[in-house]
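Trainee: Take the sequences, apply the hints, and build the full model.
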Amino acid sequence: MKKLINNPDDVVTDALRGIAAAHGGALEVAIDPHYITRADAPVQGKVALVSGGGSGHEPMHGGFVGMGMLDAACPGEVFTSPTPDQMLEATKAVDGGAGVLHIVKNYTGDILNFEMAADLAREEDIEVEAVVIDDDVAVQDSLYTAGRRGVGTTVLAEKICGAAAEERRSLKEVADLCRRVNDGGKSMGMALTSCVVPSAGEPTFELGDDEMEIGIGIHGEPGRERVALEPAAQVVERLAAPILEDLSLSGGDSVLAFVNGMGGTPLIELYIVYSELVKLLGGRDIAIERNLIGPYITSLEMAGCSITLLKLDDELTSLWDAPVNTPGLRWGA
Amino acid sequence: MKKLINNPDDVVTDALRGIAAAHGGALEVAIDPHYITRADAPVQGKVALVSGGGSGHEPMHGGFVGMGMLDAACPGEVFTSPTPDQMLEATKAVDGGAGVLHIVKNYTGDILNFEMAADLAREEDIEVEAVVIDDDVAVQDSLYTAGRRGVGTTVLAEKICGAAAEERRSLKEVADLCRRVNDGGKSMGMALTSCVVPSAGEPTFELGDDEMEIGIGIHGEPGRERVALEPAAQVVERLAAPILEDLSLSGGDSVLAFVNGMGGTPLIELYIVYSELVKLLGGRDIAIERNLIGPYITSLEMAGCSITLLKLDDELTSLWDAPVNTPGLRWGA
Amino acid sequence: MTVGHDDVVGWIRAFAAVVEDNRAYLTKLDSAIGDADHGSNLHRGFQAVVAKLEGTEENDVGKTLKTVGMTLVSKVGGAGGPLYGTLFMQMGGPLTGKAEVTPQEFAAALESGVKGVQARGKAELEDKTMLDALLPAVDAISSSLATGANLQEALERAAEAAAKGMEATTPMVAKKGRASYLGERSAGHQDPGATSSYLLLKAASDTLSKVA
Amino acid sequence: MTVGHDDVVGWIRAFAAVVEDNRAYLTKLDSAIGDADHGSNLHRGFQAVVAKLEGTEENDVGKTLKTVGMTLVSKVGGAGGPLYGTLFMQMGGPLTGKAEVTPQEFAAALESGVKGVQARGKAELEDKTMLDALLPAVDAISSSLATGANLQEALERAAEAAAKGMEATTPMVAKKGRASYLGERSAGHQDPGATSSYLLLKAASDTLSKVA
Ligand SMILES: Nc1ncnc2c1ncn2[C@@H]1O[C@H](COP(=O)(O)OP(=O)(O)O)[C@@H](O)[C@H]1O
Ligand SMILES: Nc1ncnc2c1ncn2[C@@H]1O[C@H](COP(=O)(O)OP(=O)(O)O)[C@@H](O)[C@H]1O
Ligand SMILES: [Mg+2]
Ligand SMILES: [Mg+2]
Ligand SMILES: [Mg+2]
Ligand SMILES: [Mg+2]
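Protein sequence lines, in the order shown, are assigned to chains A, B, C and D.
Take 1 as the starting number for the first sequence in the working numbering and just add one per residue.
Take 1 as the starting number for the second sequence in the working numbering and just add one per residue.
Take 1 as the starting number for the third sequence in the working numbering and just add one per residue.
Take 1 as the starting number for the fourth sequence in the working numbering and just add one per residue.
By construction, these hints were calculated from the structure, which means they are not laboratory data.
Glycine residues also receive a C-beta, built at the ideal position from the N, C-alpha and C atoms.
Any given hint might turn out to be false.
[To be verified] On the chain B side, residues computed to face chain A include the following (Cβ under 7 Å): (1) Ala15; (2) Val43; (3) Met67; (4) Ile272.
[As the list claims (entries may be wrong)] Covered stretches of chain D (in silico footprint by chain B; criterion: 3 or more residues with CB under 8 Å from a CB of chain B, positions within the stretch not fixed): (5) 40 to 46; (6) 69 to 79; (7) 176 to 183.
Mentor: Written as structure tokens, this is what we have:
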């Protein structure tokens, strides 16, 4: 295992100390239990947004805490959902009296732990709503299964709902908006290499030199199918086609296109992927109104990418454009 | 070779098309020859900053074009300095009458090509000054050799000089400032893995599973020495000690600390490196006034990091804090 | 023929040691159809549990089991944390106030714990989860005790049933948890949670049978 | 016994083919002590040169060599682009206006090209660069012609001298170019630029000797 770490068991705590030192003025980092809040939290009268999940997806979620996005993030161990006491403490720390929205990615662990936390917070008279993000079209959806994973759309939902909360919209409005973003945003990812979970010490899966895995999640889970390497144009086709189908996008529609790096893929390749996506969507007369390109929801050092498309309307576009000031996403401030 | 590309020969052009599509309103991308300018170039009366170098270091340099930083960037082929006609065209495109500063990393190829371009530009009556960045303490300096490489300080110089140019300082002032940043900024890097140059198709060097390379540059050049893997704390000690010595930093000094990812190392590890750097500098009573953490001057998908320390004073700090609006670095705008 | 507070603590300690020994194995199973953390998650949790139990003056079986559950909930995370946490918390409920419990009480409490897991995770038998080991085990204890077996025999039957249930997960296509994302590709791999649940029953059989 | 315009073009074309054949080899050498691009850089440049020379009506040896040099400068980049570009541009200078050149003129022009490389790159003999092949080669041509050899013999001597110079770079510690960053670790590897320079001289010997 080749990592710039001290000890597999200390990865999250050491990284949090780094985050605390780096963003001292803007973020507050609690070490026991682990959570990160805006330094100016609680913001009175504003709906507070709390998210969280396993670590290893940086900058998500801790890097999205700040004005215009999250009020708090709860980092679990690497690829392990955080525990209810983290979410409870974070929820209490950021509640500004207007209620707290939990943005939860659809994984059994995240769901169960956030549920417990919400119950505990409600016992302390904090109004909590939870919205589950389940945007991964690689997974077949069904009433009888755990359903689809939450992936790239999470980043977009956190940005857009963060902007709405800054406008002092109500908890119900922000939660409804979050559901709307989840409905309109779909994703699919692929990997060229596996990642290595520090405490496991070896790759979660093995891929041949000429193979890639299509439909992976963000935890080194194996994907939908394993196929031979292909040029970027075909990879983009494989990822985008099921999204387009699922969203039933058609000519004249506008989207936000998010090309995400999995952690080990350099930006130069993500721009190549984006240029292929532009061609593909252009050919179907779908307009990319906004874009986001870079490693925002990662899977440790995995090489690969995901594509997320979010159907835009004027409201979503203007909330996307609103100022945001976090370590991971920043503009207009 | 596992890359999200179409064809090794088209990597740079394909990525430039992606950049053009992604940042249409802010950047203009010329395809023949390759160069990127601010969409609002030339800015009349402002010294224009032009940099460039081989591709594969993204977001540097193209991602640093915009208000408060570069006016133009010239991307060469992967790891190959660009050619004089690129720099000449870029220089002509951004000259706003106040002269053009070429920020050149110290590599024979970059020096020679920029020299030729400057000669050609001067023949067309454009005032050009060139400043060479040579901040890599891994390389021994001597009058009889090619000297030290230009690495991390380049990013800082581009930001700080970009801010000075926005203030309408003169070409001489901006060039002097650039030399001052170069004198006060030193770097050292390390690799856990090699990178693969697309046209070569295989790793530039081979590293054992338990080995790391200390003192590497940003082109997959092998480094100063190869040693056994160590915890992050020791790696940081290996990188920071020679910098501290070279800069003769002492208690009470202030620095900007830049922890750079080489492209394949995830942010979570960079924060761990940063937290070790904080400890090390804290122990010597050196204050980190500003920091930058992330992949900003990369080496394709290489896993590894570099540390750059820049000695700060009030002027440099306030130029660092000035607004910048580029795809790669953005704040205050 | 009753289970005392020390016996329960002994069971938990024994399982913590088993988890330590099987940490890499459980994580390996989780690599194949999950995210390679089940072993380290449980290990982290049971290390915390053992530390918590260290030098405790507590004598109440129910309270101690609740403490175990709450510690797991706050230290494990993932799916395993709330599920195993619920198991122990719910098991503690009916045993609160007791310094020692009869085999019947123990069996009923375990059953209530497993019901808690089911209520929380909403999984059914054959969804390829820990319930595939837990549900048959609980059935085996109750029916053994009902037909006159002693605790030792009942726990042996339970561990055997859990082992069978665990093995039976291999061909299953997962419907719940992370493995469900793999669809058909989840078949052919033993479920990590069912494996740790078998180990929990096996530890019960190994340690508690001595008291019986 | 003169070198005509077509002969020079033949030499350049032959070298372009040699570069194509040795592209991976030159890049491999550059991997060891550089950045793994020397072969693809020269290949890109000479592909452009060959395209440029295609169907040219030009008859002026000097002008053609300058075109070669300028094409290399604008297509190669890196250290190799300006250095090889300068070589051909400076070589073209003294031959401008000539449709055919004598062996002495050819030798003098090559020498002026190599001097240009030296002026631009500021490297000395034994700095482990292309000059370690070029300088001995130029000496060998001049001295061979001076002692009455014909062009064929002179170019053979030059190629031999370049080969020796190239091999001699192996033990050297680089002082110029990217390999210098390696310090002592640059020893033990043959310099890629010296290798391509040898191949250039070898191509001259193979093609131009036919005209001699
Ligand atoms: N809904 C559920 N009900 C019961 N058990 C479940 C459920 N979902 C997952 N599990 C169990 O949890 C195990 C995985 O635990 P763990 O690896 O600790 O959590 P995570 O999947 O969050 O990484 C699975 O092997 C499965 O046995
Ligand atoms: N200052 C110099 N003078 C002469 N030749 C040089 C000099 N610096 C480098 N070279 C030659 O250039 C070769 C490398 O060329 P190339 O790989 O194309 O450029 P780069 O080093 O920019 O990648 C070296 O092997 C060496 O022979
Ligand atoms: Mg997990
Ligand atoms: Mg090069
Ligand atoms: Mg798991
Ligand atoms: Mg090279």
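Trainee: Decide, hint by hint, whether the structure agrees.
Mentor: Each hint tested on the structure:
{"no.": "1", "hint": "Ala15", "in the structure": "holds, 4 Å"}
{"no.": "2", "hint": "Val43", "in the structure": "violated, 21 Å"}
{"no.": "3", "hint": "Met67", "in the structure": "violated, 12 Å"}
{"no.": "4", "hint": "Ile272", "in the structure": "holds, 5 Å"}
{"no.": "5", "hint": "40 to 46", "in the structure": "holds (count 3)"}
{"no.": "6", "hint": "69 to 79", "in the structure": "holds (count 7)"}
{"no.": "7", "hint": "176 to 183", "in the structure": "holds (count 7)"}
Hint check: violations occur at hints 2 and 3; the rest are consistent with the structure.
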